[in-house]
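Peer 1: For reference, the chains in residue letters:
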Amino acid sequence: MSSDFADGRVARAGKDNPDDIPPGQLPAPILANEPIPDPGLPAHEPRPTDVDSKLEKRAERQVAAMFGAATVLTLGFCVAYFAIDPHALIFGYGALHVTLGLTLGLAFLLIGLGAIQWAKKLMADNEIVEYRHSTSSSKEDQEEALTAFFVGADESGFGRRKMIRNSMIAAMGVLGLPAIVVLRDLGPLPGDLPEVTVWRKGIRVVNDVAGTPIKPADVEIGQLVNAEPAVFFEQRLPSGKVIPPKFEGAALEDAKAKAPVILVRMPPADIHPLPSRRNWGVNGILCYSKICTHVGCPISLWEQQTHQLQCPCHQSTFDLAHNGRVVFGPAARSLPQLPIGVDSEGYLIAMSGFHEPVGPSFWERG
Amino acid sequence: MSTATRRPAPDSPMAKLGGPAKWFDDRIGLAGLAKKQIRKVFPDHWSFMLGEIALWSFVILLITGVFLSLWFKPSMSEIDYNGTYAQLRGIKMSEAYASTLDISFDVRGGLLLRQMHHWAANIFLAGMTIHMLRIFFTGAFRKPREINWLIGLGMLMLGIIEGFAGYSLPDDLLSGTGLRIADGLIRSIPVVGTYLEFFIFGGQFPGDDFIPRLYIVHVLLIPGLLLALISAHMLILVYQKHTHWAGPGRTNRNVVGYPMLPIYAAKSGGFFFIVFGITALMGALMQINPIWMYGPYDPSQVTAGSQPDWYMGWLEGALRIMPNWETHVAGFTISWNVFIPGLAVMGFLFTLLALYPFVERWITGDQREHHVLDRPRNQPTRLGFGVAGITGYGLLWAAGGNDILATHLHLSLEAITWFMRFAIFIGPVVAFIIARRWAIALQRHDRESVMHGYETGVIVRSPEGAYSEIHSPISSERAYILTAHERRPKHSLVSREDVSGVRARKQGKERLRSRLSDFWFGDEIPKPTVSELEAAHEHTHEESPVVGDGHHVGIETGGQTGGDPFELDESTT
Ligand code: HEM
Ligand code: FES
Numbered sequence: 108m109s110s111d112f113a114d115g116r117v118a119r120a121g122k123d124n125p126d127d128i129p130p131g132q133l134p135a136p137i138l139a140n141e142p143i144p145d146p147g148l149p150a151h152e153p154r155p156t157d158v159d160s161k162l163e164k165r166a167e168r169q170v171a172a173m174f175g176a177a178t179v180l181t182l183g184f185c186v187a188y189f190a191i192d193p194h195a196l197i198f199g200y201g202a203l204h205v206t207l208g209l210t211l212g213l214a215f216l217l218i219g220l221g222a223i224q225w226a227k228k229l230m231a232d233n234e235i236v237e238y239r240h241s242t243s244s245s246k247e248d249q250e251e252a253l254t255a256f257f258v259g260a261d262e263s264g265f266g267r268r269k270m271i272r273n274s275m276i277a278a279m280g281v282l283g284l285p286a287i288v289v290l291r292d293l294g295p296l297p298g299d300l301p302e303v304t305v306w307r308k309g310i311r312v313v314n315d316v317a318g319t320p321i322k323p324a325d326v327e328i329g330q331l332v333n334a335e336p337a338v339f340f341e342q343r344l345p346s347g348k349v350i351p352p353k354f355e356g357a358a359l360e361d362a363k364a365k366a367p368v369i370l371v372r373m374p375p376a377d378i379h380p381l382p383s384r385r386n387w388g389v390n391g392i393l394c395y396s397k398i399c400t401h402v403g404c405p406i407s408l409w410e411q412q413t414h415q416l417q418c419p420c421h422q423s424t425f426d427l428a429h430n431g432r433v434v435f436g437p438a439a440r441s442l443p444q445l446p447i448g449v450d451s452e453g454y455l456i457a458m459s460g461f462h463e464p465v466g467p468s469f470w471e472r473g
Numbered sequence: 030m031s032t033a034t035r036r037p038a039p040d041s042p043m044a045k046l047g048g049p050a051k052w053f054d055d056r057i058g059l060a061g062l063a064k065k066q067i068r069k070v071f072p073d074h075w076s077f078m079l080g081e082i083a084l085w086s087f088v089i090l091l092i093t094g095v096f097l098s099l100w101f102k103p104s105m106s107e108i109d110y111n112g113t114y115a116q117l118r119g120i121k122m123s124e125a126y127a128s129t130l131d132i133s134f135d136v137r138g139g140l141l142l143r144q145m146h147h148w149a150a151n152i153f154l155a156g157m158t159i160h161m162l163r164i165f166f167t168g169a170f171r172k173p174r175e176i177n178w179l180i181g182l183g184m185l186m187l188g189i190i191e192g193f194a195g196y197s198l199p200d201d202l203l204s205g206t207g208l209r210i211a212d213g214l215i216r217s218i219p220v221v222g223t224y225l226e227f228f229i230f231g232g233q234f235p236g237d238d239f240i241p242r243l244y245i246v247h248v249l250l251i252p253g254l255l256l257a258l259i260s261a262h263m264l265i266l267v268y269q270k271h272t273h274w275a276g277p278g279r280t281n282r283n284v285v286g287y288p289m290l291p292i293y294a295a296k297s298g299g300f301f302f303i304v305f306g307i308t309a310l311m312g313a314l315m316q317i318n319p320i321w322m323y324g325p326y327d328p329s330q331v332t333a334g335s336q337p338d339w340y341m342g343w344l345e346g347a348l349r350i351m352p353n354w355e356t357h358v359a360g361f362t363i364s365w366n367v368f369i370p371g372l373a374v375m376g377f378l379f380t381l382l383a384l385y386p387f388v389e390r391w392i393t394g395d396q397r398e399h400h401v402l403d404r405p406r407n408q409p410t411r412l413g414f415g416v417a418g419i420t421g422y423g424l425l426w427a428a429g430g431n432d433i434l435a436t437h438l439h440l441s442l443e444a445i446t447w448f449m450r451f452a453i454f455i456g457p458v459v460a461f462i463i464a465r466r467w468a469i470a471l472q473r474h475d476r477e478s479v480m481h482g483y484e485t486g487v488i489v490r491s492p493e494g495a496y497s498e499i500h501s502p503i504s505s506e507r508a509y510i511l512t513a514h515e516r517r518p519k520h521s522l523v524s525r526e527d528v529s530g531v532r533a534r535k536q537g538k539e540r541l542r543s544r545l546s547d548f549w550f551g552d553e554i555p556k557p558t559v560s561e562l563e564a565a566h567e568h569t570h571e572e573s574p575v576v577g578d579g580h581h582v583g584i585e586t587g588g589q590t591g592g593d594p595f596e597l598d599e600s601t602t
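Keeping their order, the protein sequence lines are chains S and P.
Here the first sequence is numbered in our numbering, starting from 108 and rising by one per residue.
Here the second sequence is numbered in our numbering, starting from 30 and rising by one per residue.
Hints listed in this document are in silico derivations from the structure and should not be mistaken for laboratory results.
Accuracy of the hints is not assured; some may be wrong.
[What the hints assert, rightly or not] Computed list of lysine to any residue pairs in SDA-like fashion (alpha-carbon distance at most 25 Å, straight line):
(1) LYS172(P) <-> THR242(S)
(2) LYS228(S) <-> LYS69(P)
(3) LYS172(P) <-> HIS481(P)
Nothing here was measured: the structure is a model prediction, and the numbers come from that model.
Using the sequences and the accompanying hints, generate a full structural model.
Peer 2: Below, the structure is given as C-alpha cells:
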C-alpha cells in the first residue's frame with residue numbers, strides 16, 4: 108500500500124461532512140469527522156544538549172557567563188554614576204548618560220537572554236497537555252448558587268417590601284449627585300470670556316518680543332510682523348510716565364492665548380476689503396488675529412506673493428488680501444481682522460477691539 | 030531544647046520548601062492556591078509575545094514613572110530659569126518645564142529615565158495595538174473571550190489618553206501646542222463645550238490649574254485604572270486558559286504547551302528583562318522629545334512642522350483632511366470640522382471594535398466556545414474587515430503628515446488632502462475586496478496542497494514527451510493543520526420548525542442575517558472530503574514517483590480529543 112502523506116500515513120475514511128446543515132440546526136461539534144484525522148502530538152525529539160554532554164556543558168557556561176557579565180555591567184553602572192563627569196561629552200552625547208544607558212540596558216538584556224537560553228537549551232522541554240473544562244459552571248453549581256441566592260433574597264424581603272426597596276434605590280441613586288455637584292468649582296463659568304480680548308481703541312500694536320511700538324514705515328511691503336497689545340509690556344508714555352505691564356503670570360498667558368496679532372503689508376491695490384472694512388488698514392498694512400480659527404494654533408507661515416497665511420498645525424490657509432477668508436484646509440472661519448490706525452505720535456494703534464471672537468468656534472458663538 | 034521548639038511542625042509538607050512557605054500556607058492556604066498554577070500550561074508562539082510586550086512596557090512605565098515623579102514639579106508657576114542649560118538661562122518658564130530641564134541636565138541618569146519612559150510609552154501603545162490585531166485576525170475574541178476583548182479596548186483607549194497626558198506634562202512649546210489643540214476639540218463639543226473647557230482648565234486656556242490636574246490623572250488615576258484592568262485581563266486569561274493554534278494533538282478541548290514552572294516563567298520573565306534592556310538602550314542612544322530644543326510654552330508661539338507621538342497621528346490626520354463644515358442654527362454653532370475628526374472618529378472606531386465580536390457572532394450564528402485560533406485566511410470576510418481597518422488607520426496616519434508627504438513627493442498639499450478625502454472612503458473598500466479575495470486564493474492553495482502535495486519545482490519529462498512538475502506530498506501533520514478549521518453552517522431563512530407564527534419584524538431580521546451570512550461565507554473553499562482526497566492521492570501516486578521521506582513519525586494518540594466528555598457546542602451558550 109502506498110502512503111498518502113510524506114510521513115507514510117494514509118487518508119483514513121471518515122464520514123464526508125456535508126457543507127450544509129439542515130435549517131434551524133447549529134453546527135456539529137468541532138473537529139469531528141475531519142478529512143485528515145488528528146495525527147496526535149508528535150513525539151518529543153531530544154535536543155543536541157540533551158544527548159551531547161559537551162554541548163550541555165557549553166550551554167551551561169554560556170548562560171552563567173551572561174549572568175556574570177550582567178553583574179559586572181550593573182556594578183559598572185554604579186561606578187560610572189560617580190566616576191563620570193555629568194557634563195562630559197562623547198560624540199555629542201552626554202558621556203554619563205550613554206554609559207549609564209548602555210550598562211543598564213546590556214545588563215538587563217543579558218539577564219533576559221540568559222534566562223531564555225537556559226529555558227531553551229537546558230530545562231526539560233516536554234510539552235504538556237492540560238484539558239479544558241467548559242467555561243460555564245456545572246449545572247449543579249448553577250443550581251446551588253441560584254438556591255442560595257433565592258434564600259438570601261427571600262430572607263431580605265427585597266422583592267416583597269417594595270416601599271423599602273424603592274426608597275433605598277432612590278437614596279442610592281441621588282448619591283451620585285454630590286459627586287457631580289462638587290465639581291462645579293473646578294472653574295468659573297465662561298461668561299463672555301471666550302468672546303473678548305484685551306484689545307481696545309487706542310492700544311498700541313507693539314513688537315511681540317521687545318514691546319516696541321511700531322510706525323507704519325517700519326513695516327515693509329511683503330513683510331509679516333508678529334505683534335501684541337502694548338498692555339503686555341512696560342509702556343513709556345509721551346509724558347515720560349512709565350506704566351508697568353497690565354498682566355502677569357497666568358493672566359498674561361490667558362490674555363496671550365487670544366490677543367496675538369500679525370501685521371502684514373501689501374500693495375494697497377492688491378487689497379480687496381469688504382465695504383465696511385475700507386478704512387481698517389494703514390497704507391496697505393492690515394492687522395489680523397494670529398490665532399487660527401480651526402483649533403487655535405498661532406499661525407506663522409506667510410506667503411507674500413499670494414498674500415496667504417498658512418497655519419502650521421493643519422494647514423488651514425487664509426487669504427489676507429481678501430479679508431482673511433479661508434482658501435484651504437479645515438478651518439471654517441475667516442481670520443478676524445483688527446481695525447488699526449495711527450496715534451498722535453504716528454504709532455500703530457487698534458481702532459477698536461475685534462468685532463468677532465478670535466480663535467476656534469464654540470457653541471455659543473452664533 | 031530551644032532548637033527543638035523552633036523546628037517547623039513535621040506534619041506540614043510545605044515546611045520542606047522553607048519556613049516562609051509554611052508561614053504563608055498557615056495563613057492564606059498558599060499550597061491550595063498555587064498547586065494548579067505552578068504547572069499551568071502556556072502554549073508557545075511568537076504572536077503570543079505581543080501582549081507581553083505591552084505588559085512589560087507598562088511595568089517599565091511604572092518603574093521609570095515613579096523615579097521621574099521624584100523630581101518632576103507639576104506646577105505652572107512662573108520662574109526664571111538659571112540651571113545648567115545655558116541657552117535658556119534667564120528665560121521665564123513654568124516650574125514644570127524647568128524641572129523637566131533639571132531632570133534632563135542635572136539629575137544624573139535623569140535623561141535616561143525620561144527617554145526610557147517616553148520610549149516605553151511608544152512601545153506600550155504599539156504592543157497593545159499589534160496585540161489587538163493578532164486577537165482580531167485569529168478570532169481570539171470569540172466566545173468565551175469577549176470580555177477580555179472589551180477590557181483590551183478599554184486599556185488601549187486609556188493608554189492613548191495616558192500617553193497624551195504624559196507628553197503634555199513638561200509644558201514645552203510642542204506639548205503646549207498639543208494642549209491648545211485639545212482645548213479646541215473640547216470647545217467644539219456641542220452645547221457644553223465651553224463649560225467643559227472652563228471646568229477642565231479652571232478658567233480660560235491655559236490658566237495655571239491644568240498641569241497639576243493633568244499630573245494626577247497621569248500618575249494616579251489612569252495608571253490605577255490600567256492596573257485594575259490588567260489584573261482583570263490576566264485573571265480571566267488564567268481562568269479561560271490560553272488559546273492555541275490548531276496542530277496535531279491540539280484541539281478545542283485541551284491546551285498544549287510548556288508549564289509555567291520552569292519554561293514559561295523563564296521565557297516570559299526573561300522577556301521582561303529583554304524588553305527593559307532594549308528600552309534602556311533606546312533611551313541611551315535614541316533621542317526622543319528633546320524639550321530643551323522647543324523652549325517653554327508660550328501661547329503666542331508655535332513650532333513649525335510639529336508632530337505628535339505616533340499613536341496620535343491618525344487623529345491629527347483626521348483633523349487635517351476634514352472639510353471645513355460648520356453649521357449655524359438659531360444663534361448656535363456646531364463645528365463639524367473639529368468635532369467629527371477630533372472626537373467622533375475615535376468614538377466611532379472604538380464603538381465598531383467593541384461591537385465587532387457580537388456582530389460577527391450574530392451574522393455567523395456561531396454560539397460555540399472557541400479555543401483553537403483561526404488561521405486568518407480561513408476567515409476571509411473578517412480578514413477583509415481587519416485589513417480595511419488597517420488601511421483606513423494608515424491613511425489617516427499618513428494624512429497626519431500631509432505636509433511632509435507634500436514636500437517629499439513634490440506634490441501640492443491641496444492635491445494630497447483631496448486625495449486623502451476620497452481615499453479614506455475608497456481605500457478601505459478596495460482593501461477589503463483584495464484581502465478577502467487573497468484569503469480565498471490562499472484557501473484554494475491550501476486545498477491544493479492537501480490534495481496534490483506541494484510543488485517541488487522539479488520538472489520531469491514523461492516517456493511520451495510531456496512535461497509535468499512533480500508534486501510532493503505534505504506531511505500528515507501539515508495536512509491536518511490545513512484542514513483542522515471548523516466548517517461553517519449556512520443559514521437558511523427563518524427555521525421552518527418555528528410554527529408559532531413568526532412576526533414580520535423578526536422574519537425581516539432573520540432574512541437580513543441570512544443574507545449577511547451568505548455573504549460572510551460566500552466563495553469559501555470547501556475542505557476536501559475524504560473521497561476527494563482518496564481520489565486525488567491515487568492520481569498523485571500514478572503521476573509522481575516521489576514518496577515522502579517520512580521524517581515526521583507521529584504517534585497515534587487519537588485519544589487526546591476524546592478524553593473529556595464535555596461538549597463545546599450550542600448547549601453551552
Ligand atoms: C501607561 C502608562 C504611562 C504612559 C503611557 C506614560 C507616558 C508618558 C510620556 C509620553 C511622558 C512624557 C515624557 C517626556 O518628557 O518625554 C510622561 C511623563 C511623565 N510621566 Fe508617564 N506614562 C505612564 C505612566 C506613568 C506613571 C505610572 C507615572 C508615575 C507614577 C508617570 C510619571 C510621569 C512623570 C512624573 C512625567 C513627567 C516627567 C517628564 O516629562 O520628564 N507616568 N509619561
Ligand atoms: S489650528 Fe490652524 S489649521 Fe488647525
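Peer 1: None of the hints should be skipped; say for each whether it holds.
Peer 2: Hint check:
Between LYS172(P) and THR242(S) the alpha-carbon distance is near 10 Å, which keeps this suggested pair within the 25 Å criterion. For the given pair, LYS228(S) sits about 21 Å from LYS69(P) by alpha-carbon distance, which is consistent with the 25 Å threshold. Proximity of LYS172(P) to HIS481(P) is assessed by CA-CA distance (about 35 Å); at most 25 Å being required, the pair is judged violated.
Of the numbered hints listed earlier, the single one contradicted by the structure is hint 3.
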